[in-house]
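Asker: Sequence:
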Amino acid sequence: MREALRRFAWLISVIALIAILINFNIKVINNVNSIYGDHGYVSDECWYVEAARNILHKVFGLSPIMWGSKVNVTLVLTGETDVEEFKDIVMRYGAEIIKDDYTYFKAIYAVVPIETLNYVIHLPNVSRVIYGYMYLDKSGIIDYLNMEHPPLGKYFIILSMLTCGDVPLCWRIPSIISGNIILVATFLLMVMALRGRGWVAYLFATLTALSLSFDPMLINSSSLAMLDVFVSLFTVLALLAVMLGKGKLGGLLTGLAGSIKFSGFFNVIPLYLSLRRLGRNPANSILHSIYVPLMVFFILSAPLIAYLGPWQWFDQGFAGAISWHLKQKHEIGKGPPVANPWDWLVNRNPFVYHLNPNLFAEGKFLILFNYLPTVVLTLIALPAILRRPKLRTVIEWCWIPYLMYVLQYLLGGKTQYSFYTIHICPLLHSSAFIALSLILNPRTFEEVLNEWYKLLKLVWDWLGGDVEVKLTITPRSA
Numbered sequence: 009m010r011e012a013l014r015r016f017a018w019l020i021s022v023i024a025l026i027a028i029l030i031n032f033n034i035k036v037i038n039n040v041n042s043i044y045g046d047h048g049y050v051s052d053e054c055w056y057v058e059a060a061r062n063i064l065h066k067v068f069g070l071s072p073i074m075w076g077s078k079v080n081v082t083l084v085l086t087g088e089t090d091v092e093e094f095k096d097i098v099m100r101y102g103a104e105i106i107k108d109d110y111t112y113f114k115a116i117y118a119v120v121p122i123e124t125l126n127y128v129i130h131l132p133n134v135s136r137v138i139y140g141y142m143y144l145d146k147s148g149i150i151d152y153l154n155m156e157h158p159p160l161g162k163y164f165i166i167l168s169m170l171t172c173g174d175v176p177l178c179w180r181i182p183s184i185i186s187g188n189i190i191l192v193a194t195f196l197l198m199v200m201a202l203r204g205r206g207w208v209a210y211l212f213a214t215l216t217a218l219s220l221s222f223d224p225m226l227i228n229s230s231s232l233a234m235l236d237v238f239v240s241l242f243t244v245l246a247l248l249a250v251m252l253g254k255g256k257l258g259g260l261l262t263g264l265a266g267s268i269k270f271s272g273f274f275n276v277i278p279l280y281l282s283l284r285r286l287g288r289n290p291a292n293s294i295l296h297s298i299y300v301p302l303m304v305f306f307i308l309s310a311p312l313i314a315y316l317g318p319w320q321w322f323d324q325g326f327a328g329a330i331s332w333h334l335k336q337k338h339e340i341g342k343g344p345p346v347a348n349p350w351d352w353l354v355n356r357n358p359f360v361y362h363l364n365p366n367l368f369a370e371g372k373f374l375i376l377f378n379y380l381p382t383v384v385l386t387l388i389a390l391p392a393i394l395r396r397p398k399l400r401t402v403i404e405w406c407w408i409p410y411l412m413y414v415l416q417y418l419l420g421g422k423t424q425y426s427f428y429t430i431h432i433c434p435l436l437h438s439s440a441f442i443a444l445s446l447i448l449n450p451r452t453f454e455e456v457l458n459e460w461y462k463l464l465k466l467v468w469d470w471l472g473g474d475v476e477v478k479l480t481i482t483p484r485s486a
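In our numbering, the protein residues as written are 9 to 486.
No lab work stands behind these hints, which were simulated from the structure alone. The reader is advised that the hints may include incorrect statements.
[Said to hold, decoys possible] Result set (DSBU-like, lysine-lysine): computed pairs, CA atoms no more than 35 angstroms apart in a straight line:
1. Lys107 <-> Lys146
2. Lys422 <-> Lys35
3. Lys66 <-> Lys114
4. Lys422 <-> Lys372
5. Lys35 <-> Lys465
6. Lys372 <-> Lys342
7. Lys35 <-> Lys462
8. Lys398 <-> Lys372
9. Lys254 <-> Lys114
[Said to hold, decoys possible] Label pairs and their in silico Cβ distance ranges:
10. Asp145 <-> Trp207: 54 to 60 angstroms
11. Gln336 <-> Trp75: 40 to 46 angstroms
12. Pro397 <-> Arg451: 17 to 23 angstroms
A virtual CB, placed ideally from N, CA and C, is assigned to each residue, including glycine.
The whole structure should be built from the sequences, with the hints applied where relevant.
Answerer: Listed below in structure tokens is the structure:
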């Protein structure tokens, strides 16, 4: 009877998950279809997408896939070129001039018939040809490689350009896919974490996925060609791998997270703790939590290392990048709204992605609340969580990276933004529903109360001088 109930709960939860995914994708696609931004670029897409296009052209020597009988191309011109005269020449070849008012570099952006393209790109005044979507008018943008961040996120955007095209919808496909995988992986993660609770595991897994699917943090992050949703993706997948006992895979996935943004390496500490909990010795745990992720990072950085040279790459893409993350990037109040890690939990100063429609990087728990209830619930159930290894693992993967962002702030990285929260967004929902699963169970709630009583009594006795706390280190027996 119990097994039949479990199977029925599994079936119902899978059906519910499919419905959740459909609703989530409707919201994401609605976002994608209703935002325009600055000539198609929304928020920081301008940096990541244009860097991806530059890497595609400059590092790999490739161009985006092109459909139809016309080609979108940026023609970079020599310094002495008269732009108006050049436009007249290009239009004689049937080209349509889309943008010609660049101020930081001399260029025109045009749509050229494929039959006359070869003539246009070989005109005397053309110094460089860049196929794909138009560039914004920003200093150095046609050479910008976004060395502040590792390259993997740009590789995903490049892949979309090669297979779909260099247009806004295509840029965002990797993020849309990531959002869907995050929902499924979070559902499976909760099933694994609460395994042994029967149908209760499927209930809380479904509720977690449902709450997460309505969170604007995930919906909006999955709608844009930005990097942080990929960090979240590989964080959840790495944790899921660890929960399945796949420590090596967890190390590889942590390396992928760190190859998106350096903050992905914040997962190294919870990964090490998880491996030790799986019974791995310290050397093995260090190997798979530190060396393997670094190996992945260097392998994925190899194309840029080869293009720039080791020393220039190290200066720009490693030492320089880390230094950039540990300093104030702009004067407070003269750039995007800055939100410190503690602001993320209450949606103070949310990052603005887009206005009309309004897209903000703000978190919602259970549709109505900010993330503060997740903190409260986790703290209430913490004594019982710490006694359960799988639940403790989830909490560590959520809150240790969060504390690393706090450390980054203390070390000088004071210009942080609310969209960084997507890194741990799925785990905030997971930790809250794990806590609820314990609090709503009379037996485990009694355990929670007893553990808090013991802890508070111990603190009281220590303050009164009745007990003393000693740290002892003893060798492990053979």
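Asker: Next, verify each hint and record whether it holds.
Answerer: Going down the list of hints, with the structure as the test:
1. Lys107 <-> Lys146: Roughly 14 angstroms between the alpha carbons, so the hint for Lys107 and Lys146 holds.
2. Lys422 <-> Lys35: Holds, at about 33 angstroms.
3. Lys66 <-> Lys114: Since the Cα atoms of Lys66 and Lys114 sit roughly 19 angstroms apart, the hinted pair holds (cutoff 35 angstroms).
4. Lys422 <-> Lys372: At roughly 24 angstroms apart (the allowed maximum being 35 angstroms), Lys372 and Lys422 satisfy the hint.
5. Lys35 <-> Lys465: The given pair, whose Cα atoms are some 49 angstroms apart, is violated under the 35 angstroms limit.
6. Lys372 <-> Lys342: Satisfied, since the Cα-Cα distance of roughly 27 angstroms is no more than 35 angstroms.
7. Lys35 <-> Lys462: The hint is violated at about 47 angstroms.
8. Lys398 <-> Lys372: Judged against 35 angstroms, a Cα distance of about 25 angstroms means the pair holds.
9. Lys254 <-> Lys114: Answer violated: Lys254 to Lys114 is near 53 angstroms, above 35 angstroms.
10. Asp145 <-> Trp207: 54 to 60 angstroms: Hint holds: Cβ distance 58 angstroms, inside 54 to 60 angstroms.
11. Gln336 <-> Trp75: 40 to 46 angstroms: holds (44 angstroms)
12. Pro397 <-> Arg451: 17 to 23 angstroms: holds (19 angstroms)
Violated hints, in rising order: 5, 7 and 9; the structure is consistent with all others.
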